[in-house]
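Peer 1: Since chain S is already given, all that's left is putting chain C on it; use the hints.
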Amino acid sequence: MGSTGFDISHFLATIVLICSFALLYQARLLGLIHVFAVQALALALAVAWQAHVQAAPHLYVTAFIALVMKAGLIPYMLRRIVHKLQIARTIEQVVSTNITMLAGVFLTILAIMVVFPAASMETGLEREDLALALAIILLGMLMMITRRNAISQIIGFMALENGLILAASGARGMPLVVEVSVAFSVLIAFFVFGIFIFRIRERFDTIDVDELSAHRGDME
Amino acid sequence: MALTGDFLMQGVQMFLVLAVAPALTGLVRKIKARLLLHKGPSILQPYRDLARLMRKDVLLAHNASWLFRVAPYVIFAAIWIAAALTPTFATGLMFNWTADLVAIVALLALARFALALAGMDIGTPFGGLGSSREMMVSALAEPAMLMIVFSTALLAGTTQLSQIAAHLASQPFVLRASMGLALIALIIVSLAENARIPVDNPSTHLELTMIHEAMVLEYSGRHLALIEAAAALKLVFYFSLITCLFFPYGIATPPMGLAAQFLGMGLWLVKMTLLAALLAVGEVSVSKMRLFRVAEFLGGALVLGLIAMVLLFVSGKM
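Those protein sequence lines, which keep their order, are chains S and C. Note that our numbering has the first sequence beginning at 1, numbered continuously upward. Note that our numbering has the second sequence beginning at 1001, numbered continuously upward.
Treat the hints as calculated values from the structure; they're not laboratory data. If a hint is listed, it holds; no wrong ones were tucked in.
Not close to chain S: a few residues of chain C, all C-beta gaps over 10 Å, as computed:
id : residue
1  : Tyr1047
2  : Ala1103
3  : Leu1108
4  : Thr1204
5  : Leu1278
So, partial list: chain C residues that the calculated Cβ filter (under 8 Å) puts toward chain S:
id : residue
6  : Glu1296
7  : Gly1300
8  : Ile1307
The C-beta atom is built at its ideal place from N, Cα and C for all residues, glycine as well.
Here chain S stands alone, though its shape is the one from the complex (with noise of 0.2 Å):
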């Protein structure tokens, strides 16, 4: 493996870390969306590289479960809901952009502290990539704490399997029988969320998830 595949998985994965940080900084759902759509285009690009210079075809198949189900499916299906729900130009947040974005540089900063020591007996390849995956990982859940409504904490959801599949498609000898499992229970979870998300309109008349907290039945 020349230098250049080096290059080449590191700077489609930071496209994917990048695509991240869209997330964070973007407000509008269907923004949101698109930015997703572009973040698994890339994961897909990234996996199939992967696939490419480890000379594993099973890592094709990865990629096109990712290209298929999350740049495509899950977004159409996303958008649907919006405007279904006539929510197309929400605009939400919780805390300020600059600060979540901050935060995010932290993690990733985390993430690359916690990694490199880690694994400093692996080969570069692996160590950065790793890092970088994890940074994603970690900047999904932000997202997912930091957003109140329900469909962008899905993405951040989505964007946090993300991460995964990328560190999963680093490491050599993932079984394909473990991803596509992986790639059906997302499918499966987006299933039922969608159909929280309906069921929560139906209740409170909003998917803003702060009106579940009056009715978790902990305050006397």
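Peer 2: What follows is chain C alone, placed relative to chain S:
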């Protein structure tokens, strides 16, 4: 003899940027107009504007202080020096050793400081408004700029612009994630610093959210000509910075012959034209941001610069 030659080349560079600057501004305007299906003024229009402004009398407000009269010269001089020191067609020119990136950032800051003071000098509300907005933008853009400077400096091992360009041009092309991040950050900073859409609108002074035009509203005659020329030079400077940091290929490095220098010059002009076209396309395809979104936009640049630096710091390979 060699000294004279060096001196001459530095002079060529110095007057080249000055000569090209209005044409570049005109080119951006022309492409923008064409994209909007207008005919648009000629590319040479900015030269005519400048010539006419130079001939006109200066109208000074009664309460204008010396500051107001000195500021245009300070602004023009600072930006001209910055543009003249940035490697355009060749590295290793006579005064390139002074072209430290941090010093260049400071020169730009000096120009901005003078402009903001001049904006407040007359005491009209618009000027003060523009100055305070300019300071807000620059307070956010400058740290991002320094992050970009640091990441390129980490890569090349020096903050000297000419050496960075020579270093990068001498290496075979590698795709670096950190450089990609720094490039996006620099583009955002350039848009903000040049008062371009989506941060500011350069083609009007009738908007309430304007920044640059609000500060220069009181200027007329040769003062205005200097400020306009400085704005055009600033565009050339940022374009040259982008090309010499990220696409320095074809730049003449010492020891260089005349042919290499002419090739470098031709390539530089091609690069400038391409960037002008990209800027025009970008400007017609996005709308201006609300002023309070600018902070987030520039915060994004800071974040990208920061990540680029972190990546380079922990792993020299990225």
